[in-house]
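Student: In case you want the letters, here they are:
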Amino acid sequence: MKTNKMINSFIINGVLAVICLCWTVPTIGLLISSFRDRIDINRTGWWTIFPHKDWVSVEKIKPGPEVDRNQPMTFEGITATFEELSKGIETNNLRIKWIGNRRVGYLDVQKYSWTAATNFSFENYKQVLAGADYTATLADGTTVTERGDNMSRAFLNSLAVAIPATVIPISLAAFAAYGFAWMKFPARKMLFALVVALLVVPLQIALVPILRDYVKLDLNGTFLAVWLAHTGFGLPLATYLLFNYMSELPRDILEAAFVDGASHFTIFTRLILPLSVPALASFAIFQFLWVWNDYLVALIFIGASPTNQLLTQRLAEIVGSRGQDWHLLTAGAFITMLLPLAVFFGLQRFFVRGLLAGSVKG
Amino acid sequence: MKGSVANPMASTSNSARPGQSTSRIITSLLAIIPLLASLAALVWGFFFLRDIQLANDSNIPQAITVLMAIVWGVGGVILLFTTANFFIEQLSDNWVRRLQPVLFVGPAVLMLVWALVLPTIRTLFLSFYDEASINFVWFENFKFVFTNDAMLVVFRNNLMWMFFGTIFTSSAGLLIAVLADRSKFESFAKALIFMPMAISFVGAGVIWNFVYSVKPVNEPQIGLLNSVVVFFGGQPQAWTAFFQPWNNFFLILIVIWLQTGYAMVLFSAAIKGVSSEILEAARVDGATELQVFFRIMIPQIMGTIITVSTTVVIFTLKIFDVVIVMTGGQYGTSVIATEFYRQYFTYNNNGVGSAIAIVLLVAVTPVMAYNLRRFAQREVF
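Each protein sequence line maps, in turn, to chains A and B.
Counted from 1, the first sequence has number 103 at position 103 by my numbering; the numbering is strictly sequential.
With the second sequence counted from 1, adding 1000 to any position gets you my numbering.
Simulated from the structure, these hints should not be mistaken for lab results.
Every value quoted in this text rests on a predicted model; they were computed, and no experiment measured them.
Beta carbons are placed, not taken as given, at the ideal position from N, Cα and C, and that holds for glycine.
One thing to keep in mind: the hints can contain errors.
[To be verified] In silico DSS-like pairs for lysine-lysine, Cα to Cα no more than 30 Å straight-line: (1) A:Lys-5 / B:Lys-1272; (2) A:Lys-60 / B:Lys-1272; (3) A:Lys-62 / A:Lys-97.
[Unchecked claim] If you want the ones that stay clear, here's a sample from chain B, every Cβ over 10 Å from chain A, calculated: (4) Glu-1131; (5) Leu-1152; (6) Phe-1163; (7) Val-1229; (8) Gln-1235; (9) Phe-1250; (10) Ser-1275; (11) Ser-1276; (12) Ile-1278; (13) Gln-1291; (14) Pro-1299.
Okay, chain B solo, but in the shape it has when bound (with noise of 0.2 Å):
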């Protein structure tokens, strides 16, 4: 049934008799009318929008041109799908059939086409491109990151990212779901720990740099990190700068902070899953709480562990903000996404710059085999 049923809509009374299917035809041309007028307004809207906002001089106020480029973008999206479909409704069943299925899925279609499969394949191609993208080089860009000295260092910081990251995000936030599981204040505590997921990371970089910013030895301190060092008889230290490697350390816990939330989140789910029948019984028996935690629950909430620790890999995979904000890319703190912005933006090395990205890419591409396999397991198609 699902799906294949005809529009009712579209087969009024009228069709069925053949005497009128020239008014019919007449109908179906006027119905595109609301469609072709939608179209011209957008269009027209388009190009006084983006004339105003390139031209610096224009003189309306900011919160006009706002307020309408919201309305601009918002209702233009419900105006051509309203517009497109009260057209294809008119027409023929047969037609209808044909062509609402394109309607409804054919935007997101042609978006993802268009946003990620076609720029995939244009990176792809520079990718063996020089620098300018002129002359074909083989693997010489792949080649250059896979052995610069400089490309090493941001290989051994991702790692570093990606390792650390990953294990004091998934165990902080299991610490932290455990302890409010039993605690009477759950819900306030849990809120406070992942709040920081709704800051940005330019934001969450301004409050870090706050808490590590450093004042010459003789003057106090301002930042929190140096007076507590200084109140226990330490040096100040400019903690994200000269203190190569460890400096790399500091903008990771940034985002151990940012990312705690999510897998707490995750994790308080998961434990409340587990039966509490076999933890008693377990008690009972005589485990210690330990035992119970890594023999019963930890095998229980695994998937919940694959999960959590697979997204933050992805995510500090391609960390960008909380470096580019915090040194820039400097003091040997470089990422690859980092790098890779470097390469294109700064030094318009396109050879190398999509080289990076196609790197990222095939980085990524065990978790997309992993999902596909899960989809095609599916019943639901």
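Next comes chain A alone, as it looks inside the complex (with noise of 0.2 Å):
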């Protein structure tokens, strides 16, 4: 019996481990990634920075210039073509293989041995967040000098966003919660019932009549225009749990308040919201790794303007252009990854709290 039970155990742990590892190797090769030199980046997989066996350079020969390059060639004892050397020769646990083009190439001998990529920098990151042209060094000592993808401006951009459009759809939610919670006033039913109707709607279908407005009033690409965006979709949700919330707060605590005077204002700003702290929190990460995270609404209001992008809008306009430079886009999407994985980690209790309360988008 006792041993039935270890063998369970030892099952479901192992399955287990099992699945979380499938789960966060992607996560984690992207962040290995994003510290290995570009060029390694596109020649070997991430995992070769563990100890693995691989041929590895002992010493390289710079043929001169009498070496004719089109006769077979003989160096080490091994006489060989341009073409066979290209693909490397093997001899008793060594290997030369030609590195380069035929003119400037040179030999490189190998030997079988263990080994691990461990050639890691802080260089992509830089690149990634510089605003102006960046001059990268290569593995050989030539420079390349490329323009910086400004990320670090994105990132301040975002965060432009992302708090006030946490912070207004928030503190409007709470105040129509408490209003529809403790106030008395005609219609009351008929507008609540409008905001759980429109907890399900799709924001596809308001982008369009919104970007009309905005034209109207020139406040296309404006930090503006996303937060009136972002406050309008939040809202149903915010004041749906807000409310759920608040109706459920003894009801003798704000009586006492009232008779002792105190007016609604003083009593929501005194004594609800502090009390209701915990489902505040709960909505507001939700809201904040909510638009922090969202593309479409910022590809439409905010859209080309350069200054004003925001991080998701970078990363995805890297992934569009230069879709196969690794370094840029594993420095870049750790970089937009980072503020959301610090206030998740931080406050994973809110987190979990807040998705059984239901705080997420349908």
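Two independent chains are provided; combine them into the complex using the hints.
Tutor: Next up, the structure:
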């Protein structure tokens, strides 16, 4: 019976470990690659940073100009043509390989032994963050100058969008939730039914009419345009969740406050808001992550304006224009993920609570 | 009692005496000054921020602009609510009772009407007009949407997304929740599984593009999937491009990876709510673990299963970012939302674009109706 239990727990933990590994390996691969040299990323898989057996260069031979590269050449006792040498020739434990082109290439003498590709640096990050031209030094000593991707500016822009686009809808929703829960006014039930009905409305339906309004107001491309859009799209869920929470607060506390002569505004700011911190925090995290990670709304309301683009837009642009530049893509992707991951791991408790309360946009 | 209490702040001792009503009016008039002043300041800030943002050659450092924007946006909301309330509370009781609900609920309702209600009506109108929104064309756009060959592929893809995305997300979430529930490393494992939820779709697109990346046959593969395939003697593939129609599955996999954490958290909470006595009783009666799971656990968490599947179905119905980043909707992977974007912003076809948006809206109406029915049954109101 006891061994049975141990086998069971071994199987359960084993399966769980395999699933967790599958889930995390893609992200780990990205993180590791973002620190690798730009040439290495494109030549070898990121897993080669772990010790493995491979051909390792032990000596470089630079053939002089007198060597005729169109005839078979002799090095280290081996005679072979250029074509054979470029493929590599193996002799007892060693391999000779021609690296580079016929005229300026060199011979690499390699040995099959344990190795690990551990050429790490922050160069990729420096390049994606840089605003102006960026000069990178390649492994062979040559330099290339490329345009930086200005992700540092995009990071600031993302902050400028995400913070107000979190605070504004939550403030509006908190006031409205209090009003719906604790005030009497005409059409109260009907208005709240409207909130419920709007919970699942796809935002695609609203994009173009809002865009037309913005064009008329000359608002397109500004942070305010994105705030207002996110406020509108986030409000139904925020109001609904906060109402659920506030309407369940004990009624006697409020009645006592009313009897003491406090106004609605005082009760709301001094009593209800502090009591609602868990619900506010849960929703704030979701709204922040949602806005920070959003691509569609930014794409339409900020558009191509290079100075105001957000992180997701910059990253998507690199994907579109330089989809094989993995040194930029990996570093760029990780920069977009930094803040959400920090928020997520720091506030996991609220995150889970929010999920259970229904904080997911349908 | 709820909400019906008169506002005592407003009825200061002054208002009882009729002789002081003039000073009362003056106070009220003065009380509007902070509101007007903050409005003026905000309007000034609005023009200032808009103009420096739209002018590409502004020499103000971006950090300063960003800081001002945040202060203006966050501070503006708080300032407006506070000053408007200050003004209202100087009025007579009757006005306070009438205006305070407007202050509390009004802004949210206004935003909802402007951002969702009116646009829905406007989009509905546009969907009956031609591409430039000039001529009324009846149902021509809808006819196009439901008969065009490319659109049919789009609908097929979306159905694939909704079906396989939901099935796999829910079952993976349930499986992991059950396993984690019996493991000592529960919280650690769960954190790893739902970490992808914090990652943007664009970021996830890059992560998986890297996993799927392909190199010519004679070069070492740098993509994880292809290097595994080559290791076992297979041919490297361009998984998301020329591998039709299976390439859709490689996109769906990304969303399963992103959303399983959500399903797992909900199922995990539901499983912990199943009474352990019933489970024990069944085991004592000789039920196998599988019987316990399918005959007792599943029926007990049916409500959660419905919630999770509905959420994932709606989510996959609206899927956009993943497809646009991975393939741009090419290679037969286009879905409703990407086609919507293409019609509107690439082809400038307002009519068809709006019709697609209306189709999306109609597709979610059953959920909307369900939500409203549940709301009608609630007793809070």
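Student: Please confirm whether Pro-1299 (chain B) is truly not at the interface, meaning its C-beta sits more than 10 Å away from all C-beta atoms of chain A.
Tutor: holds (21 Å)
Student: Does the claim that Glu-1131 (chain B) lies outside the interface with chain A hold up, using a Cβ gap greater than 10 Å?
Tutor: holds (13 Å)
Student: Over 10 Å to the closest beta carbon of chain A is the bar; see if Gln-1291 (chain B) clears it.
Tutor: Holds, because the least Cβ-Cβ distance between Gln-1291 (chain B) and chain A comes to about 16 Å, which exceeds 10 Å.
Student: Taking the minimum C-beta separation from Phe-1250 (chain B) to chain A, is that value above 10 Å?
Tutor: holds (12 Å)
Student: With 10 Å as the threshold, tell me whether Ser-1276 (chain B) passes as away from chain A on beta-carbon distances.
Tutor: holds (17 Å)
Student: Is the nearest CB of chain A more than 10 Å from the CB of Gln-1235 (chain B)?
Tutor: holds (17 Å)
Student: Checking the smallest CB distance to chain A, is Val-1229 (chain B) really beyond 10 Å?
Tutor: holds (13 Å)
Student: Run the distance test for Lys-60 (chain A) versus Lys-1272 (chain B): straight-line Cα separation, threshold 30 Å.
Tutor: Violated, because 64 Å separates the two Cα atoms, which is more than 30 Å.
Student: Holds or violated: Lys-5 (chain A) with Lys-1272 (chain B), Cα cutoff 30 Å?
Tutor: Given pair Lys-5 (chain A), Lys-1272 (chain B) holds - Cα atoms ~21 Å apart, limit 30 Å.
Student: Between Lys-62 (chain A) and Lys-97 (chain A), does the CA-CA distance stay at or below 30 Å?
Tutor: holds (12 Å)
Student: Beyond 10 Å from chain A, beta-carbon-wise, is Phe-1163 (chain B)?
Tutor: About 17 Å separates Phe-1163 (chain B) from the closest Cβ of chain A, which puts it past 10 Å; holds.
Student: Quick check for students: does the CB of Ile-1278 (chain B) sit more than 10 Å from each CB in chain A?
Tutor: Per Cβ check, Ile-1278 (chain B) is outside 10 Å of chain A; nearest 21 Å; holds.
Hint compliance for this structure: hint 2 alone is broken.
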